[in-house]
Amino acid sequence: MTTYKGINGFAVQSVSSDPSPLDEGQVWYNNASYAFKLAGLNTAAWASGGNLTTARTALAASTAGTQTANIVFGGDSGSPTGATESYNGTSWSPAPSMNTARSYLGGAGTQTAALSFGGTTAQSATEKFNGSTWTNNPTGLNVARRYIAGCGTQTSGFAVGGNPGNPPTSAVEAFNGSTWTNLTNIPTARSLSAAFGVSTAAVVISNVTPPAQSWNGSTWTNLPNMNTARSGLAAAGTQTAGLAFGGIPNRNITELWNGTVWSTQPTMATGRHYLGGCGTQTSALAAGGVASTGNSAATEEWTGAGVATKTITTS
Amino acid sequence: MAYKYCVAECWGKGFITHDDASKYQVSGFPGNVWQIPANNQDANLWVNKVAGVWKTKEEAQAIVDAIIAQAQAAWDALPDEQKQQPFNRQRPTAIVLE
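Residue numbers (the numbering used here), protein chains in the order written: chain A, 1 to 315; chain B, 1 to 98.
Only chain A is shown next, with the shape it has when bound in the complex:
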């Protein structure tokens, strides 16, 4: 009889925790969960997450947060709100509200160190969240604006474009934890964009021409066009491994950026725009937004293609 040891030259290992990193085809017995497990190939797909407590559009997220630990804040649930909700990978729970209610704002940071800036109507207000409370930053954006794109962290935030009251602006600013500094303008003014990456290596996307432009900390470069250029979308990831999802109007489209080209990926179940997003190219989160008939509470969790742990069952 063919045995695992006969094929591989060694027996299935009994371990107390799942190995990391995984090698495709690897098999082990987890003696803590009493289960045989396999490192198998995972198909990219969106799955349902916990619904937001309050359906809303034009919200922001802690863009550097993870799929299992992040916050969303602000937005519009009939009127601009400062409401904040915290996600644990399963459900959302209320967190303290921002001091200034607003929608179409920018967000950055993590669940315990988040940053909010700008918003309706053309505010410069900047607030910092420490996991418990929001605090007004003494100084705000140099260019007050709404429909702004943001990414990065609380101590290295990045704000691009937006609209100070028509036309859209090309202003770009970086936040060092205390103050905003003007950077080189993006060549194409734009609003309702999405940004992903960090303040020294980011990509900004929307439906202008060209749709995608890349920032290396000092200069901007045009990138290949997305397959479906659109605004009002969300994004996650890094400058060389990004994910863009949703967009106007009520799009369920997902596109993956590998640093060279865009590729179309499986769609979300709920098409929407003005949504919040965070995470990485292989583990992202989409929350809220506006769907075809109104504000959405839907949350969806993206898992990219790759090697993942699977439990072996006998059924």
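These are calculated hints, taken from the structure and not from any lab test.
Heads up, the beta-carbon is just placed ideally off N, CA and C, and yes, glycines get one too.
Errors might be hidden in some of the hints.
As the list claims (entries may be wrong) - Residues of chain B clear of chain A, computed beta-carbon distances all greater than 10 Å:
| hint | residue |
| --- | --- |
| 1 | D20 |
| 2 | I68 |
| 3 | D76 |
| 4 | L78 |
| 5 | K83 |
To be verified - Derived DSS-like pairs (lysine-lysine); straight-line CA-CA distance at most 25 Å:
| hint | chain 1 | residue 1 | chain 2 | residue 2 |
| --- | --- | --- | --- | --- |
| 6 | B | K23 | B | K13 |
| 7 | B | K49 | B | K83 |
| 8 | A | K5 | A | K37 |
| 9 | A | K310 | A | K5 |
| 10 | B | K57 | B | K83 |
| 11 | B | K4 | B | K57 |
| 12 | B | K55 | B | K83 |
| 13 | B | K23 | A | K37 |
| 14 | A | K310 | A | K37 |
| 15 | A | K310 | B | K23 |
| 16 | B | K4 | B | K49 |
| 17 | A | K310 | B | K49 |
| 18 | A | K310 | B | K13 |
| 19 | B | K49 | B | K23 |
| 20 | A | K37 | B | K13 |
Since the structure of chain A is already known, use the hints to place chain B on it.
Quick look at chain B alone, frame taken from chain A:
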């Protein structure tokens, strides 16, 4: 591609799992209408899992139409200044199920 329809309320986590979405596409529409591929055993099992109520295409379309009509009426009732705000939500448009 042929589709089937059901009505089910999305309760959140676990409604559509990664395993579900890896096997077939589930698309949501107004009125808690969900579209799944026809002749797909896994998708049929998903409808059972979420306690979905099967609808014919015509029934599903009627549900979607009614919700869209409500949303259009609500939009029409907005003051003109709100309708004309740039980037404000547009009047909901009809959706035709495939």
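Item to check | Hint check against the structure, violated hint numbers in rising order | outcome: The structure conflicts with hints 1, 2, 7, 10, 12, although it agrees with all the remaining ones.
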